[in-house]
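Peer 1: Residue numbers (my numbering), protein chains in the order written: chain A, 13 to 146; chain E, 13 to 146; chain W, 13 to 146; chain D, 13 to 146.
Wrong hints could be hidden among the right ones.
A pair counts as met if it fits within one copy or between any two copies, since identical chains are not told apart.
Only pairs whose alpha carbons sit at most 27 Å apart, straight line, appear in this in silico DSSO-like list of lysine-lysine [as the list claims (entries may be wrong)]:
(1) LYS119 / LYS65
(2) LYS64 / LYS119
(3) LYS111 / LYS53
(4) LYS53 / LYS72
(5) LYS111 / LYS141
(6) LYS72 / LYS111
(7) LYS111 / LYS65
(8) LYS141 / LYS115
(9) LYS64 / LYS141
(10) LYS72 / LYS119
Derived from the structure by calculation, the hints contain no laboratory data. In this text, all values refer to a predicted model and were calculated from it rather than measured experimentally.
Protein chains: 4
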Amino acid sequence: MEEFVFSYEMEVRDYECDIQGVVNNSVYQNYLEHTRHQYIKSVGIDFTELSKKGINLMVKRIEIDYQSPLRSGDQFVSVLRMERISPLRFAFVQQIHRKPDNKVIIKAMVIGTAVNERGRPELPEELMKVWGIG
Amino acid sequence: MEEFVFSYEMEVRDYECDIQGVVNNSVYQNYLEHTRHQYIKSVGIDFTELSKKGINLMVKRIEIDYQSPLRSGDQFVSVLRMERISPLRFAFVQQIHRKPDNKVIIKAMVIGTAVNERGRPELPEELMKVWGIG
Amino acid sequence: MEEFVFSYEMEVRDYECDIQGVVNNSVYQNYLEHTRHQYIKSVGIDFTELSKKGINLMVKRIEIDYQSPLRSGDQFVSVLRMERISPLRFAFVQQIHRKPDNKVIIKAMVIGTAVNERGRPELPEELMKVWGIG
Amino acid sequence: MEEFVFSYEMEVRDYECDIQGVVNNSVYQNYLEHTRHQYIKSVGIDFTELSKKGINLMVKRIEIDYQSPLRSGDQFVSVLRMERISPLRFAFVQQIHRKPDNKVIIKAMVIGTAVNERGRPELPEELMKVWGIG
Numbered sequence: 013m014e015e016f017v018f019s020y021e022m023e024v025r026d027y028e029c030d031i032q033g034v035v036n037n038s039v040y041q042n043y044l045e046h047t048r049h050q051y052i053k054s055v056g057i058d059f060t061e062l063s064k065k066g067i068n069l070m071v072k073r074i075e076i077d078y079q080s081p082l083r084s085g086d087q088f089v090s091v092l093r094m095e096r097i098s099p100l101r102f103a104f105v106q107q108i109h110r111k112p113d114n115k116v117i118i119k120a121m122v123i124g125t126a127v128n129e130r131g132r133p134e135l136p137e138e139l140m141k142v143w144g145i146g
Numbered sequence: 013m014e015e016f017v018f019s020y021e022m023e024v025r026d027y028e029c030d031i032q033g034v035v036n037n038s039v040y041q042n043y044l045e046h047t048r049h050q051y052i053k054s055v056g057i058d059f060t061e062l063s064k065k066g067i068n069l070m071v072k073r074i075e076i077d078y079q080s081p082l083r084s085g086d087q088f089v090s091v092l093r094m095e096r097i098s099p100l101r102f103a104f105v106q107q108i109h110r111k112p113d114n115k116v117i118i119k120a121m122v123i124g125t126a127v128n129e130r131g132r133p134e135l136p137e138e139l140m141k142v143w144g145i146g
Numbered sequence: 013m014e015e016f017v018f019s020y021e022m023e024v025r026d027y028e029c030d031i032q033g034v035v036n037n038s039v040y041q042n043y044l045e046h047t048r049h050q051y052i053k054s055v056g057i058d059f060t061e062l063s064k065k066g067i068n069l070m071v072k073r074i075e076i077d078y079q080s081p082l083r084s085g086d087q088f089v090s091v092l093r094m095e096r097i098s099p100l101r102f103a104f105v106q107q108i109h110r111k112p113d114n115k116v117i118i119k120a121m122v123i124g125t126a127v128n129e130r131g132r133p134e135l136p137e138e139l140m141k142v143w144g145i146g
Numbered sequence: 013m014e015e016f017v018f019s020y021e022m023e024v025r026d027y028e029c030d031i032q033g034v035v036n037n038s039v040y041q042n043y044l045e046h047t048r049h050q051y052i053k054s055v056g057i058d059f060t061e062l063s064k065k066g067i068n069l070m071v072k073r074i075e076i077d078y079q080s081p082l083r084s085g086d087q088f089v090s091v092l093r094m095e096r097i098s099p100l101r102f103a104f105v106q107q108i109h110r111k112p113d114n115k116v117i118i119k120a121m122v123i124g125t126a127v128n129e130r131g132r133p134e135l136p137e138e139l140m141k142v143w144g145i146g
């Protein structure tokens with residue numbers, strides 16, 4: 013079974029649903045981003061501090077497989093793990109599972125990089141230390 | 013009849029509609045904000061320039077009367093005029109009309125102020141000149 | 013002091029913030045709507061059931077006073093109470109308070125009505141019983 | 013050079029930008045969806061008619077490569093073409109180009125299917141006729 017290091021619970025809000033009565037496809041990206049940001053905060057990394065040093069994290073690619081829709085009122089858990097996939101790129105492997113039946117709703121891979129103060133890709137030490145990918 | 017000095021045309025996008033098949037109430041605020049920003053740009057005011065001088069425009073109060081809903085695919089025109097309502101406050105009177113029957117969808121009043129570099133309310137000359145409210 | 017009968021806790025998500033680094037004005041309407049729907053659910057009213065009987069709840073007017081902005085990562089509590097303001101209209105009095113200092117962020121009044129299966133305004137018994145406004 | 017059969021022009025709205033001053037990653041999915049729906053409408057397919065026959069179009073997978081960000085006020089053109097990639101699946105190949113320099117902002121592939129009135133995947137004749145993929 014796939015392992016995840018972080019999980020975060022949320023609930024569908026009615027304004028996130030569209031005419032079909034299901035969560036709009038783009039809203040899952042909001043859920044995924046919020047989960048990543050909560051994870052990064054949980055490991056002690058401060059976006060604002062990084063920004064002040066001129067380091068910006070950015071998403072380069074996203075892949076989402078939609079397996080089953082969430083509906084109004086559904087509760088779900090959003091899980092992730094992080095992998096370094098090249099010297100300059102890392103990937104978040106993310107999934108959303110409905111509660112309480114644990115049905116897989118989406119599977120996603122989000123590939124990111126960091127750009128340093130000279131505008132060049134460079135993963136900062138802060139990230140690599142926390143993620144144990146030095 | 014009420015007069016407006018600026019009008020801007022838009023079209024409902026499906027992701028803006030909710031389970032009832034109508035535009036979600038909060039989305040009208042997006043339409044209204046976009047119209048105000050297009051208007052401000054049209055009269056030659058540059059938000060970024062104002063910000064650099066430490067001047068920030070901010071909304072203090074909004075009132076919206078919902079008269080009829082917009083639906084998927086509807087085209088509409090968003091109109092406004094500006095009034096100075098006190099030495100430190102201005103109001104945007106805004107309406108959204110459906111096309112082509114001109115049915116009134118919402119009527120809104122948006123009250124704003126500007127805060128200067130010392131954090132005090134003060135309407136900048138740029139605004140007053142353009143709006144003829146000096 | 014004003015009394016509220018329902019409170020719901022949320023946290024600002026980064027995608028809800030705009031260029032100024034504060035929650036966009038329209039997003040507060042999402043918070044307010046989600047709070048109302050959670051409240052209505054909490055008192056045992058089922059939107060879907062009401063819809064099947066041809067009864068639709070709708071917002072007719074909203075007033076929001078913006079007192080102070082929420083920022084990335086802020087936690088807040090959204091509170092409300094309900095009042096019948098005329099034979100055919102009810103009002104939600106709503107506020108959002110930042111945590112932990114309890115600073116008032118916005119004050120809002122949301123006026124709604126219900127439309128029956130013949131398209132006429134009529135507050136259904138289910139609402140009046142729960143809200144004790146029969 | 014890649015060919016596209018449909019193009020649609022839009023402009024970034026300020027509420028779509030986040031703290032970094034660029035369009036939030038999830039908003040591009042809104043742009044892409046709106047473009048697909050405008051395309052589908054342009055070829056004479058009516059979602060509502062399809063729904064009444066019990067046919068639903070759904071997105072199964074999305075891949076987006078983020079090449080360069082859009083900023084406040086940017087104008088852009090969103091282009092697409094359609095391909096049938098298996099008996100039961102079709103793909104929209106989509107790109108967004110900034111105006112007027114034609115810089116590529118994102119490249120995306122959106123894979124969809126249609127589900128018939130018995131809940132089984134089946135591409136309806138309406139689609140295949142229009143797209144010439146019968």
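Peer 1: Provide an ascending list of the numbers of those earlier hints which the structure does not satisfy.
Peer 2: Structure breaks hints 1, 2, 5, 7, 8.
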